[in-house]
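So the sequences go chain by chain: A and B.
Residues 1 to 193 (the numbering used here) make up the first sequence, in order.
Residues 1 to 191 (the numbering used here) make up the second sequence, in order.
Note that these hints are calculated values from the structure, not bench results.
Heads up, a few of these hints could be off.
Cβ pair distances, simulated, as ranges [unchecked claim]:
1) B:L132 / A:D87: 39 to 49 Å
2) A:P125 / B:V89: 51 to 61 Å
3) A:L83 / B:L124: 45 to 55 Å
4) B:V19 / A:G186: 24 to 34 Å
5) B:A93 / A:G186: 34 to 44 Å
6) A:T20 / B:S83: 20 to 30 Å
7) A:T159 / B:G189: 46 to 56 Å
8) A:N193 / B:E39: 28 to 38 Å
Beta carbons: idealized from backbone N, C-alpha and C, even for Gly.
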Amino acid sequence: MAAAGPEEPLDTWAIRSIVTTMFPILLVLSLLEMGSGYVLEALEKTYLSNPTLLVLVPVMIGMGGNLGAILSSRLSTRLHLGLLEFDPRDEVLWTNVLAIMGLAATIFSALGVAAWIVGRVIAEPMALADLMLISTVSGLLLAVIAIVLSIGATYISYTQGLDPDDTTIPVVTNVCDILGVIVLSGVAIVVLN
Amino acid sequence: MEARQDAWRIYRESLPILVVSLAGGIFAGSVLGSEGMTEGFERFPGLLLLLPAFLATRGNVYGAMGARISSGLHQGMIDPEFSWDRRLVNAVAASFINGIGISVVIAVLSWGILHLLGRESARLVELVGIMLVSGVLTSVTLIFGLLGLVFASYKYGLDPDNLIGPIVTTLGDIFGVVFLFVAITVVGGIF
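Let the hints inform the model, and build the full structure from the sequences given.
Below, the structure is given as structure tokens:
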């Protein structure tokens, strides 16, 4: 058993504390996700004429949140350890941003190719160039949004005295969930027309 | 440049798990598009409306739990193993309450919204039943799966911070969609 450290009381690890901090946030975010549910429902007909685009949807929803979660989690831990400053010249900040953009470029290029292959097997094939353009442009846009949201949310919860572990990741993940479908749809409409 | 090397290290550590997450997302898309699932959406109106919220709870509840455990490990407040440690037990119990509680709330919200708008909806007991079954199954799998993977990665010298988000999304994509399918089948069989 790890002994309770004198600096950080057991209070912030109490069940009541974790639940009462998180549940109101969960409730608000779930309501926002209901809006996303309507958007998906409305766009479903558009996607059905290009079924290969549907292969992109779950990844577009999840990956922005993934990238944001990696960044938020890293910023939050470094904040706890006192290794991070919210300064545009802070090197830790830029190192993390550079890594996230590199990851996004790699993943969404691979997604374009994978969706093209899946599309050829199970759905109506689409042009590889179109899919690559849609996947990388919407993916990189989403990565920029995820970065801005992660830094902003960590900063706000820090200045408000909230524990970023309980606040940042839900906000970033949910906003990316909602925006993923919207960004993908916007880019796809521009590219396909 | 030290910063460039650090960025490259973060990239190398994060990429493999993101690739696994990518595969999980493509798998999820295939299951969601399957005939049994689309039939379930038609039979229980309201499921499509609550789907993004249901899938998002995994990131909310379990991602936050993972970040909490990771910070605790970094600060030496908890040990990287399953034990009756007070902090660990509290974090797990709170995640069960949050995860299962919000699933039921989502079902009620979806039913309520459709009724307010005067649109067709499945019965409240059906939507709550589906969310309860899939919520419990997803919670158990994600909480213990996530803890096991975070502890293992920490022991092998990897920074869990780089892994939690993708682990949650991948397990959530695969098990969330599969357990939703199971729940629709179970509840569909009862009612």
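So, going through the hints one by one against the coordinates:
no.	hint	verdict
1	B:L132 / A:D87: 39 to 49 Å	holds (47 Å)
2	A:P125 / B:V89: 51 to 61 Å	holds (52 Å)
3	A:L83 / B:L124: 45 to 55 Å	holds (49 Å)
4	B:V19 / A:G186: 24 to 34 Å	holds (26 Å)
5	B:A93 / A:G186: 34 to 44 Å	holds (42 Å)
6	A:T20 / B:S83: 20 to 30 Å	holds (26 Å)
7	A:T159 / B:G189: 46 to 56 Å	holds (52 Å)
8	A:N193 / B:E39: 28 to 38 Å	holds (33 Å)
When held up to the earlier numbered hints, the structure conflicts with none and fits them all.
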